[in-house]
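If you're matching them up, the sequences are chains A and B in order. FYI, in my numbering the residues of the first sequence are 1 to 310. FYI, in my numbering the residues of the second sequence are 1 to 147.
Just to be clear, a hint being listed does not mean it is correct.
[To be verified] Okay, the calculated bits of chain A under chain B, using three or more residues with CB under 8 Å as the criterion:
#, segment
1, 227-238
2, 302-309
[Unchecked claim] Computed footprint of chain A on chain B; a stretch qualifies when at least three of its residues, placed anywhere within it, have a C-beta under 8 Å from a C-beta of chain A:
#, segment
3, 9-17
4, 74-83
[What the hints assert, rightly or not] Pulled from the structure, derived: some chain B residues nowhere near chain A, Cβ distances all over 12 Å:
#, residue
5, Glu33
6, Thr47
7, Lys117
Simulated from the structure, these hints should not be mistaken for lab results. None of these values were measured; they are calculated from a predicted model. The beta-carbon is built from N, C-alpha and C at its ideal position, and this holds for glycine as well.
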Amino acid sequence: MTTKDKYKKVAYYPGCALEGTGHSYNRSTKAVGKALGLDLVEVKNWNCCGAMEVKNIDPKLQTYLSSRVMSVAVNEMDMDVVMAPCNGCYHNLKKAEYDLKHDPESVEVVAKLSKKAGHKSYESGQVETIHALDWIKDSIGEEGLAERVKNSLSGIKVANYYGCMYTRPRHIFPEKDAGPGSESTSKPHFMDDLLAAAGAENVEFPLKTACCGGAHTLSDSDTSTKLVLNILKAAKLAGADVIATECPTCHSGLEMHQIRAEKVLGETVDIKILYFTQLLGMALGLKPRKVGVHENVSDPMKFLKQKGLA
Amino acid sequence: MRPLADIELAIAAVDAQTDPLQAAEELLRFSEEVLEHWVTARGDEPTHDEREGFRLLALHRQGARGDPSFNACRETCREIAWHYNLVTMEPEHTQTANRAEMLRMVSNHLYLFVSGKLQVAGLGEFCCSAKPIRSADNFDSGTTKEA
């Protein structure tokens, strides 16, 4: 079976953020999948991936939590591909996969906790974890996407922001940097490729993998606000109308600190922030509400109307 | 070595529009100073070596030794080197002032990242760990002993 066919039906692991602040990412991912004829089967009774909180306290417990998601997919649903649109979840499942392949102690801990929890222990290599970008890029591709576009994104200048966890640390993503066609860890381009196929004009954006301060947004809000403000201003200087995101933590951080920068620092940056799935969905002819634009913190409707997307 | 907070002010004060070439030189130097702070805080002597023609990249490599999470600013350092080259190797380009301004923003990002990271230095597996803050409060999950 080719990768293209393999990704047409995948186990969907939305993760906690997509049920909360990132709900519009959840909605738009599902809507785009449906519009493209791709099948998402949500992982049964999924749990938290361990995020950063658990990982910092006990990395092996995080490995177990992520492994359970993969175990359910393969052992209870007979699925061999798990798609995680959240960078944190994607990163953690990849990290668990790496640990279980290279660290016997992790294997032992996962076996012990799986037994205690009453499910089969996950074994390295049983599933392939992919991001929503891989999912669309490899199952539909740029040509397939371009053929399906109903409302071109032409005239929209986009700064693609990938955040810091999509490509780091490099060793847990062995499929990246694997030659032509693969994703790059230093200059990721899958989101750029997909949005360009839908007609958008991507700008050169030097902070596409820079830190947004997401994880210390509560413990050190001022630094997070300054980091986000810098990202917004750099995107604006690069000529962008929109920052496209593919991570719920980055996205909500950008939106909320955009507002906080205005209130606390008195600095306003007029740039829209949308999930790449929202942009793709509208390019495929879906209404803004179908892709959850109304669930975003900021209101881009005037801009979307100007660009003929609403 | 000047205080870190002074570097933030110095980066903000750079006039990228009037003299982009001078701005590029200053910003590269300020970025090196930021990394000198990080390396010094970890108890090392900042290197004077260069990688790919840039001391900045050698300092980054030194700063990431034993702390892979510091690679979260690797591309930021490389973008600084790239924009420095754009400004200094094509000074007559119509976008030179904008490129210098972008260099200022990328340098500022490096400053913000490193200054934030210095506060939580080396105590998380990934970059934005708040573990020291919890540790200071004697945080105890009580969940991990059995694992």
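Going through the hints against the structure:
1. 227-238: The restraint on the segment 227-238 of chain A holds, since 7 of its residues have a Cβ under 8 Å from chain B and three suffice.
2. 302-309: violated (count 0)
3. 9-17: Coverage by chain A is violated here, the residue count being 0 at a Cβ distance below 8 Å.
4. 74-83: holds (count 7)
5. Glu33: Nearest chain A Cβ is 18 Å from Glu33 of chain B, so the label holds.
6. Thr47: 22 Å, holds
7. Lys117: 9 Å, violated
Hint check: violations occur at hints 2, 3 and 7; the rest are consistent with the structure.
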